[in-house]
Amino acid sequence: LSSLKNDRIAASKVFASPKSDRKSIIGEKAAFTEHIRKALYASKIISYAQGFMLLSEANRLFNWDLNFGAIALMWRGGCIIRSRFLGEIKNAFDSNPKLSNLLMDNFFLNALKECQVCCIFFSSHFSLHLFL
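Each residue of the sequence shown is one higher than the last, beginning at -6 in the working numbering.
Hints are not guaranteed to be accurate.
[As the list claims (entries may be wrong)] Once the Cα atoms are required to be at most 27 Å apart in a straight line, the calculated DSSO-like pairs of lysine-lysine come out as:
| hint | residue 1 | residue 2 |
| --- | --- | --- |
| 1 | 6 | 22 |
| 2 | 83 | -2 |
| 3 | 83 | 6 |
| 4 | 37 | 6 |
| 5 | 37 | 83 |
| 6 | 83 | 22 |
| 7 | 37 | 106 |
| 8 | 31 | 106 |
| 9 | 106 | 91 |
| 10 | 106 | -2 |
| 11 | 91 | 37 |
| 12 | 22 | 37 |
| 13 | 6 | 91 |
| 14 | -2 | 22 |
| 15 | 91 | 22 |
| 16 | 83 | 106 |
| 17 | 91 | -2 |
[Claimed, not checked] Using C-beta positions, here's what the derived DEER-type ranges look like:
| hint | residue 1 | residue 2 | range |
| --- | --- | --- | --- |
| 18 | 120 | 7 | 41 to 49 Å |
| 19 | 24 | 120 | 17 to 25 Å |
| 20 | 87 | 40 | 31 to 39 Å |
Quick caveat, the hints were computed from the structure, so don't treat them as lab data. Beta carbons are placed, not taken as given, at the ideal position from N, Cα and C, and that holds for glycine.
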């Protein structure tokens, strides 16, 4: 992803810094658990986006004709992943076959925006409190 400057610039315009009430959730088990869930969901989305970007680059380099929506559907039906999440990936590529970054699809864009504060919380909180 780091080499795709144009994609990074486009994404930075869409993903503004979130507003946070800066309230600590440490000690609040339900809120803490929900933050973990959202942060893990965001990492799952980002991992799949990176994977599909790698497939897209291979598609370009080797002059293949990959159908990314069909790949997601095949994984859901015939592999250990079998996630409903793959149906959303299929929908994204079906609605825009030339989608260069899964994160720019409305479903995933909105999901990441909802999870962004949680990711920032965990990455900042735990990087400040590492025990080495």
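Q.
Run through the hints listed earlier and report the numbers of any the structure violates, in increasing order.
A. Hint check: 1, 6, 14, 15, 18, 20 fail, others pass.
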